[in-house]
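Each residue of the sequence shown is one higher than the one before, counting from 504 in our numbering.
Derived by calculation from the structure, the hints in this document are not laboratory data. Just so we're clear, the structure is a prediction, and the values are computed from it rather than from any experiment. Check the hints yourself; a few may be wrong.
To be verified - Cut-off 30 Å, straight-line C-alpha distance, at most; resulting in silico cross-link-like pairs (DSS-like, lysine-lysine):
1) Lys508 with Lys565
2) Lys565 with Lys596
3) Lys597 with Lys565
To be verified - Computed beta-carbon distance windows for the label pairs:
4) Asp512 with Ser543: 17 to 23 Å
5) Ala568 with Tyr601: 19 to 25 Å
6) Gln633 with Thr609: 15 to 21 Å
Glycine residues also receive a C-beta, built at the ideal position from the N, C-alpha and C atoms.
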Amino acid sequence: SSFEKQIEDASQRGYATGIPRSLMEFRIMLAQGKIVFLHSVEGSNCFNALPATMTVEQGLDKLAALGLCQFTIAHLEDTELVPSQQGIPPGTKKMIGYKGGLPNPTRVLSAAGVSAVRHMLDIGIVVDLQHCTPATREQI
504 SSFEKQIEDA
514 SQRGYATGIP
524 RSLMEFRIML
534 AQGKIVFLHS
544 VEGSNCFNAL
554 PATMTVEQGL
564 DKLAALGLCQ
574 FTIAHLEDTE
584 LVPSQQGIPP
594 GTKKMIGYKG
604 GLPNPTRVLS
614 AAGVSAVRHM
624 LDIGIVVDLQ
634 HCTPATREQI
């Protein structure tokens, strides 16, 4: 992909770089002093496109097999897994016609969200808490 090509180009220019595909590779590359680039997904709304026969955990397994090692579980809108801080500036909300309400800082992960986070941790995916409500951050 273009991402990997850019990293390869940086390596050819003398930068020590790496793209870890697991937590172990991440630790090894950091210990080697490399600049580490992570494959990451932002927002659990990506699971809305899963086939009805696939669980979120199976979707995570597929992403991990492709090299995903970081997941920002919340993003700009609430999902079935997690509430969001809805971090869209008011002017941008108006410009894009965003109809979401005000965030509720006390909302937490759903049962499916708890299961997804546990699975991410079990398979070595770093859970990024950016955009999570304070209560969700505490819960995780």
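Problem - Violated constraints from the hint list, given by number and in increasing order - result: 2, 3, 5
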